[in-house]
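Q: With chain R's structure known, arrange chain A on it following the hints.
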Amino acid sequence: MSMMHASGVKDAVKATSMPPTASLMRWVIAATLPGIATMSYFFGLGVISNVLLAAAFGIALEAAVLRLRQRPIRVTMNDSSALLTGVLLGASLPPASPWWLIGVGMIAAIVVAKQLYGGLGHNPFNPAMVGYALLLVSFPTYMTLWAPPQALLPNDLWAQIVGTLPTAQLDSLSGATPLDAFKHKGEAVLASEFWAANPLPNGTLSAWRWVALAWLAGGVVLLAKRIISWHIPVAMLGSVLLLATLFYLSDPSHFASPLFHLLTGATLFGAFFIATDPVSAATSQRGKLLYGAGIGALVMIIRTFGGYPDAVAFAVLLMNLCVPLLDLYSVPRPTGQQKASLGKPGEQP
Amino acid sequence: MSNAFDFPGGIYPPERKQRSNQSPLIEAPLPRRITLPLQQHSGQAATPCVVVGDAVKVGSVIAKREGMISSNLHASISGMVSEVSATQICIDGDGQDNWERLPSLDWQRAEPSALLERLNKSGIVGLGGAGFPTHIKARVVERHAIHTLVINAAECEPYITADDLTLRHHANEVLEGAQIVAKLCGAQHIMIGIEDNKPDAIEALKHALSNYQPINIELKVIPTRYPSGGERQLIKRLLNLEVPSGGLPADVGVLCHNPGTLLAILHAVRDGQPLVSRVVTLTGEAITQPGNRWVRLGTSVRELLEQAGLNTPELNQVIQGGPMMGTPLLTLDTPVTKLTNCLIAATLEELPPPPAESPCIRCGECESVCPVALLPQQLHWYARAQDDAKVERYHLFDCIECGACSYVCPSHIPLVVDYREAKSRIRLQRIEAVKAEHAKHRFEFRQARLAREEAEKQARKQARQAQQRRSPTSTAASSEKVDLRGLRIAHAAAKASVKKAEKTLARVAQEDPKQSLDDLEMQLATAQENLKAVELQLAQAREQQPSEESP
Chain R
1 MSMMHASGVK
11 DAVKATSMPP
21 TASLMRWVIA
31 ATLPGIATMS
41 YFFGLGVISN
51 VLLAAAFGIA
61 LEAAVLRLRQ
71 RPIRVTMNDS
81 SALLTGVLLG
91 ASLPPASPWW
101 LIGVGMIAAI
111 VVAKQLYGGL
121 GHNPFNPAMV
131 GYALLLVSFP
141 TYMTLWAPPQ
151 ALLPNDLWAQ
161 IVGTLPTAQL
171 DSLSGATPLD
181 AFKHKGEAVL
191 ASEFWAANPL
201 PNGTLSAWRW
211 VALAWLAGGV
221 VLLAKRIISW
231 HIPVAMLGSV
241 LLLATLFYLS
251 DPSHFASPLF
261 HLLTGATLFG
271 AFFIATDPVS
281 AATSQRGKLL
291 YGAGIGALVM
301 IIRTFGGYPD
311 AVAFAVLLMN
321 LCVPLLDLYS
331 VPRPTGQQKA
341 SLGKPGEQP
Chain A
1001 MSNAFDFPGG
1011 IYPPERKQRS
1021 NQSPLIEAPL
1031 PRRITLPLQQ
1041 HSGQAATPCV
1051 VVGDAVKVGS
1061 VIAKREGMIS
1071 SNLHASISGM
1081 VSEVSATQIC
1091 IDGDGQDNWE
1101 RLPSLDWQRA
1111 EPSALLERLN
1121 KSGIVGLGGA
1131 GFPTHIKARV
1141 VERHAIHTLV
1151 INAAECEPYI
1161 TADDLTLRHH
1171 ANEVLEGAQI
1181 VAKLCGAQHI
1191 MIGIEDNKPD
1201 AIEALKHALS
1211 NYQPINIELK
1221 VIPTRYPSGG
1231 ERQLIKRLLN
1241 LEVPSGGLPA
1251 DVGVLCHNPG
1261 TLLAILHAVR
1271 DGQPLVSRVV
1281 TLTGEAITQP
1291 GNRWVRLGTS
1301 VRELLEQAGL
1311 NTPELNQVIQ
1321 GGPMMGTPLL
1331 TLDTPVTKLT
1341 NCLIAATLEE
1351 LPPPPAESPC
1361 IRCGECESVC
1371 PVALLPQQLH
1381 WYARAQDDAK
1391 VERYHLFDCI
1401 ECGACSYVCP
1411 SHIPLVVDYR
1421 EAKSRIRLQR
1431 IEAVKAEHAK
1441 HRFEFRQARL
1451 AREEAEKQAR
1461 KQARQAQQRR
1471 SPTSTAASSE
1481 KVDLRGLRIA
1491 HAAAKASVKK
1501 AEKTLARVAQ
1511 EDPKQSLDDL
1521 EMQLATAQEN
1531 LKAVELQLAQ
1541 AREQQPSEES
1551 P
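Chain order of the listed sequences is R and A.
When the letters of the first sequence are read in order and numbered with the working numbering, they come out as residues 1 to 349.
When the letters of the second sequence are read in order and numbered with the working numbering, they come out as residues 1001 to 1551.
Extracted from the complex, chain R is given alone in its bound form:
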């Protein structure tokens, strides 16, 4: 057994040895900060209220379930994984989502998707995306309340969070996201006509682009720190770009440009922060490439032919389903063996 440990050794070579799990999680949380800050700048303090509420729910729910399961609370909580789930779900929701909406999403994420399956390391699905998907199909009204870019402290922020805002007023707050708008432009309308009609409030498109670039910056930090491997993001973005380019080239008047797909919506956020969740992703390097490419392809298929404009959550969950199969069929060939085992009965050594 190795008596040298990656951490604690004073002259350990950090370039290849991984930081401990808890610090991996904290690095990912830290890497979300540029994205969250940029979102708050454009969409107001509601973004921060989302994240804080979701994180608080995450910690409270995890502690409660650990207590029920009679597991050590402090040691387990120390890994910060519930906090990270909260941050990721919070960042995915429309700004200033009501507290109960966040609560329901976090229950689905932490209690159902994570702890009922056995806690960290055992969940087959990405917890944050389970929460998001549940909310999206259960509360579509609230989940599309993406306000246009606004002041840092929007009107009725507090009323909306605590849920005292009349429903009639909710509609007046909402605005379509660029993906949403493009999705519902109508069959008869050509892309050029659609854009000419100026369907989005001023600054919406550029706000989304800046946010996407901020997520990209966080992702680059994670890659540089070797917190995540390049396989999944590169494969996912590659397949999005490839398919978007194919669609766009086949009919530019009906399909959005590759850059539009990349820079609006959750593509970059998903590629670096959601799809890379190691627990629910494929494990081998070849598996990761297939997994990422699958997510990218599903994102493009759902966006183009499906009913949901963004699709990252569903694509990730669908590929989570495929992980056992991917793991089985992406086994590398061990040195000295004729071929990979593929889970079939091997020769008795």
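Calculated from the structure, these hints are not laboratory results.
Nothing here was measured: the structure is a model prediction, and the numbers come from that model.
The beta carbon of each residue, even a glycine, is placed where N, CA and C say it ideally should be.
What you were told as hints is all true, and nothing was included just to trick you.
These stretches of chain R come out as covered by chain A in the derived footprint (C-beta under 8 Å, 3 or more residues):
1) 282-292
2) 330-337
Simulated DEER-style distance windows between Cβ atoms:
3) S23/R / A1086/A: 50 to 60 Å
4) P1355/A / L325/R: 28 to 38 Å
5) P166/R / Q1386/A: 57 to 67 Å
6) P1014/A / P252/R: 52 to 62 Å
7) D1006/A / L328/R: 18 to 28 Å
8) E1349/A / S23/R: 19 to 29 Å
9) A224/R / D1006/A: 21 to 31 Å
10) Q1386/A / A60/R: 31 to 41 Å
11) A60/R / V1434/A: 48 to 58 Å
12) V75/R / E1142/A: 53 to 63 Å
13) V1508/A / L242/R: 47 to 57 Å
A: Chain A in isolation, oriented as in the chain R frame:
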């Protein structure tokens, strides 16, 4: 320098070799008392051939090899045997250092059989770690054509500098030792694999290579990366050959030796000096005079570390071997054996205990560093679940236990510990399964022994008769027809089965030094008994035959 070939994975742990590679290789003081365990090699323990009170010299045989995979043991100091037990022999030294050497052999002229016998007598085993008896390894040529002898000087484990210093001080002799082995195994090519973090040793080798060498030797400097010193990894790196799973380097025509072993081989052949000392790296923050010493086998670890300035209050643990694959010593009152290449007297700060384990998050980092391209994480799940069928499907037994996966695991899961447990559990099951088989083999052995004794009795009887028959008139005494041809066939078959049993035993023992070899040794003994019996019968028959053919 060639980067053309590579093995997957690998890690770059801190090397920490500076601590022990700064001072020259020196002799450790002569110990006053030594303790020599009878089991210092893979295979069967040696059998004592001295009793308490016997006077011995350095190099006197004190325990003989037992069975095929075994090795002689020699006194490493001169003095008096003070204890003989089932596991060890102690000698109290007389401080004289009187030697008993075998005659010198000229390896260029000597017969291979004489060289092999010398290796056998000298108790030489692989000094790299597994301790496989060298004379058995040298006989591999009987079954395989060897094209290349690899000198494994990679020494990739952190801290250890024993091979480095051996090469710096004895490069010429190591190369000469390699020539002997190359001659024995018929290798036409010798390749030295060394990591680029040993510039002085590389320089010494280059200098030594400029002298005349009968067989072409190639020096390959490879980038430092753990575990390039693994036999299979090094062969991949140097020759781009993949040793098949469950096989040996010999299967791809390669033999691997560590520099220390080659030096010991030369000492045995040229100087008639059996294996009584070895180079040990003394290092770690808890000693003040780190470095490499020539240490007599059986020297107490405590004594050795104290001579190197052991700072007992600072000492947390002593690790025998390297920090990646070595084992912590439970007590310092343990002797240096043929397998002790390094002693790390570590402080708590230097090698702290592992942090608490947390759940596996399936990050796959372990897979990316595995030099065998296994899936350590899947193995972890199945090993913990005791799903033995699955761990074998995921090639648990291809794991070389290098510890790279444990090293990078962010959840601090002691993966290699899991694998070792799973391996021993599976081995145990297999042992249970072969126990019945073993009982059968014991019975067969008894039958063979009885047959051999019967044949001996017959032979004695016949000898008596022959003596009585001296008078020329009584030739007609034995008239029964002797099936000489049948006996010849039986003899050949018995000989073949002895060969086969030896082969199996050698292969199994070399593949897996920790495995119990009782059953295979028993089968070999049975085959040998059978051979003896048939030989006797054949000799008898031959004696009778002329009397029948002559008329």
